[in-house]
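Enquirer: Which chain is which? The protein sequence lines are A and B, in order.
Quick note: the first sequence, position 15, residue 15 per the working numbering, numbers continuous.
Quick note: the second sequence, position 250, residue 1250 per the working numbering, numbers continuous.
Incorrect hints may have been included.
Said to hold, decoys possible - Mimicking DSS-like on lysine-lysine, the simulated pairs with C-alpha atoms at most 30 angstroms apart in a straight line are:
| hint | chain 1 | residue 1 | chain 2 | residue 2 |
| --- | --- | --- | --- | --- |
| 1 | B | Lys-1145 | B | Lys-1240 |
| 2 | A | Lys-63 | A | Lys-13 |
| 3 | A | Lys-52 | B | Lys-1215 |
| 4 | B | Lys-1094 | B | Lys-1146 |
| 5 | A | Lys-66 | A | Lys-52 |
| 6 | B | Lys-1210 | B | Lys-1220 |
| 7 | B | Lys-1215 | B | Lys-1145 |
| 8 | B | Lys-1146 | B | Lys-1235 |
| 9 | A | Lys-52 | A | Lys-63 |
| 10 | B | Lys-1023 | A | Lys-8 |
| 11 | A | Lys-80 | B | Lys-1111 |
| 12 | B | Lys-1235 | B | Lys-1094 |
| 13 | B | Lys-1235 | B | Lys-1032 |
| 14 | B | Lys-1032 | B | Lys-1240 |
| 15 | B | Lys-1094 | B | Lys-1032 |
| 16 | B | Lys-1210 | A | Lys-52 |
| 17 | B | Lys-1145 | A | Lys-63 |
| 18 | B | Lys-1220 | B | Lys-1235 |
| 19 | B | Lys-1235 | B | Lys-1215 |
| 20 | B | Lys-1240 | B | Lys-1210 |
| 21 | B | Lys-1032 | B | Lys-1146 |
| 22 | B | Lys-1235 | B | Lys-1210 |
| 23 | B | Lys-1023 | B | Lys-1230 |
| 24 | B | Lys-1023 | A | Lys-52 |
| 25 | B | Lys-1145 | B | Lys-1230 |
| 26 | B | Lys-1023 | A | Lys-80 |
| 27 | B | Lys-1145 | B | Lys-1235 |
| 28 | B | Lys-1023 | B | Lys-1240 |
| 29 | B | Lys-1023 | A | Lys-13 |
| 30 | A | Lys-80 | B | Lys-1210 |
| 31 | B | Lys-1032 | A | Lys-80 |
| 32 | A | Lys-8 | B | Lys-1146 |
| 33 | B | Lys-1111 | B | Lys-1023 |
No lab work stands behind these hints: they were computed from the structure.
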Amino acid sequence: MEDSVPDKRINIKGLVCPYTFVKAKLAVESMEVGQVLEVLLDYEEASRSIPKSMEDHGQTVLKIDKINDTDWVLRIRKEKD
Amino acid sequence: MEFTDDQMLRYSRHIILPEVGGKGQARIAGAKVCIIGAGGLGCPVGYYLTAAGVGTIALIDNDTVELSNLQRQIAHSVHTIGMPKVESASLTFKALNPEVNIIGIQERLTKDNILDLIRDYDIVVDGSDNFPTRYLVNDACFMAKKPLVSGAILRFEGQVTTIVSGDGPCYRCLFEEPPPPGLVPSCQEAGVLGVLPGVIGGLQATEVLKLILGKGDVLKGELLIYNALKTTFRKVRVPKNPHCPLCGEAPTITELIDYNEGYCSL
Ligand SMILES: [Zn+2]
């Protein structure tokens, strides 16, 4: 599952909170339930706050990976509208 | 709705809210709201709805700005004294959010023009300062099936209620007829605390946004009464009156009425 191709990818490098979450949320809203969003980001706080907020909103966080010194990749599965 | 970067920044605190989100913000952007009166109540209602990004806002008012308005009518200024209120408020709202389509209508509402003026709007807000207009707006919204967010202020007390045509009571269920002119306090002896319309107008704008979003509970069948001196909010249940002359079982009011002048503006 986690290694499958995501349904949508967004790159929010350079953005800080709360715009990181706003972008991720708008992306999730535009998707169908069951689809997976991949988020590439470089703002450390967002690597924690986006997963937390997504779970608060009822979505599932599939993974949080630090892929290099500066970047993280998140995968979120949309569970509800 | 695709948001530009500027829109994403401007509305980010809305989009973050689960009850709003991008979809709710798109609904707000698609909404058309008609505000009766660009005075004490109309100013904060229009100001906040403009900030919220309501797509189209009409303002109806026939007056011009006077110095004595500035103690409470926050969309006007010393620079716009003598200007029509709808024009003065439009300038202020445009400066806050140029995306919003503000339509200023400098006219006196009558039984002959009101239905045409409110026709294109989803929601009507009553911020009028006199009884003839309040009853005219209530009756017209009932006939045109438009939701109405009604507000009133006097001295230290304000009231808000939301009237959904055909679902719950109307303003006449509450107060069947306007009081006779002699019983209404004149403006000189009445007075109003300047911040009071800010509180009541803020509540009216909140009701409008909830109607647009379809979230939460609106003041349907309820009158919220705020007392600024005591700092109390009181909610009074208002049942639908089966004998209401407008929305009751055997209505006697089937066409609009212009009540006689002689009422002083509050
Ligand atoms: Zn009624």
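Enquirer: If a hint holds in the structure, say so; if it doesn't, say that too.
Expert: Consistency of the hints with the structure:
1. B:Lys-1145 <-> B:Lys-1240: holds, 16 angstroms
2. A:Lys-63 <-> A:Lys-13: Holds, at roughly 18 angstroms.
3. A:Lys-52 <-> B:Lys-1215: holds, 24 angstroms
4. B:Lys-1094 <-> B:Lys-1146: holds, 26 angstroms
5. A:Lys-66 <-> A:Lys-52: Cα-Cα ~16 angstroms, so holds.
6. B:Lys-1210 <-> B:Lys-1220: With Cα atoms ~12 angstroms apart, B:Lys-1210 and B:Lys-1220 stay inside 30 angstroms; holds.
7. B:Lys-1215 <-> B:Lys-1145: holds, 20 angstroms
8. B:Lys-1146 <-> B:Lys-1235: Roughly 23 angstroms separates the two Cα atoms, so the pair holds.
9. A:Lys-52 <-> A:Lys-63: Distance of about 12 angstroms is within 30 angstroms: holds.
10. B:Lys-1023 <-> A:Lys-8: Holds: B:Lys-1023 and A:Lys-8 sit about 18 angstroms apart, inside 30 angstroms.
11. A:Lys-80 <-> B:Lys-1111: Since the Cα atoms of A:Lys-80 and B:Lys-1111 sit roughly 48 angstroms apart, the hinted pair is violated (cutoff 30 angstroms).
12. B:Lys-1235 <-> B:Lys-1094: violated, 35 angstroms
13. B:Lys-1235 <-> B:Lys-1032: holds, 28 angstroms
14. B:Lys-1032 <-> B:Lys-1240: The hint holds at about 27 angstroms.
15. B:Lys-1094 <-> B:Lys-1032: holds, 16 angstroms
16. B:Lys-1210 <-> A:Lys-52: Answer holds: B:Lys-1210 to A:Lys-52 is near 27 angstroms, not above 30 angstroms.
17. B:Lys-1145 <-> A:Lys-63: violated, 50 angstroms
18. B:Lys-1220 <-> B:Lys-1235: holds, 11 angstroms
19. B:Lys-1235 <-> B:Lys-1215: Holds. B:Lys-1235 to B:Lys-1215 sits at ~20 angstroms (cutoff 30 angstroms).
20. B:Lys-1240 <-> B:Lys-1210: Measuring from Cα to Cα gives roughly 22 angstroms; hence the hint holds.
21. B:Lys-1032 <-> B:Lys-1146: holds, 12 angstroms
22. B:Lys-1235 <-> B:Lys-1210: holds, 18 angstroms
23. B:Lys-1023 <-> B:Lys-1230: violated, 40 angstroms
24. B:Lys-1023 <-> A:Lys-52: Holds - the C-alpha atoms of A:Lys-52 and B:Lys-1023 are around 21 angstroms apart, at most 30 angstroms.
25. B:Lys-1145 <-> B:Lys-1230: violated, 36 angstroms
26. B:Lys-1023 <-> A:Lys-80: The given pair, whose Cα atoms are some 14 angstroms apart, holds under the 30 angstroms limit.
27. B:Lys-1145 <-> B:Lys-1235: holds, 25 angstroms
28. B:Lys-1023 <-> B:Lys-1240: violated, 34 angstroms
29. B:Lys-1023 <-> A:Lys-13: holds, 24 angstroms
30. A:Lys-80 <-> B:Lys-1210: Holds, at roughly 21 angstroms.
31. B:Lys-1032 <-> A:Lys-80: holds, 29 angstroms
32. A:Lys-8 <-> B:Lys-1146: Violated. A:Lys-8 to B:Lys-1146 sits at ~41 angstroms, over the 30 angstroms cutoff.
33. B:Lys-1111 <-> B:Lys-1023: violated, 37 angstroms
Hints 11, 12, 17, 23, 25, 28, 32, 33 from the earlier list are contradicted by this structure; the remaining hints agree with it.
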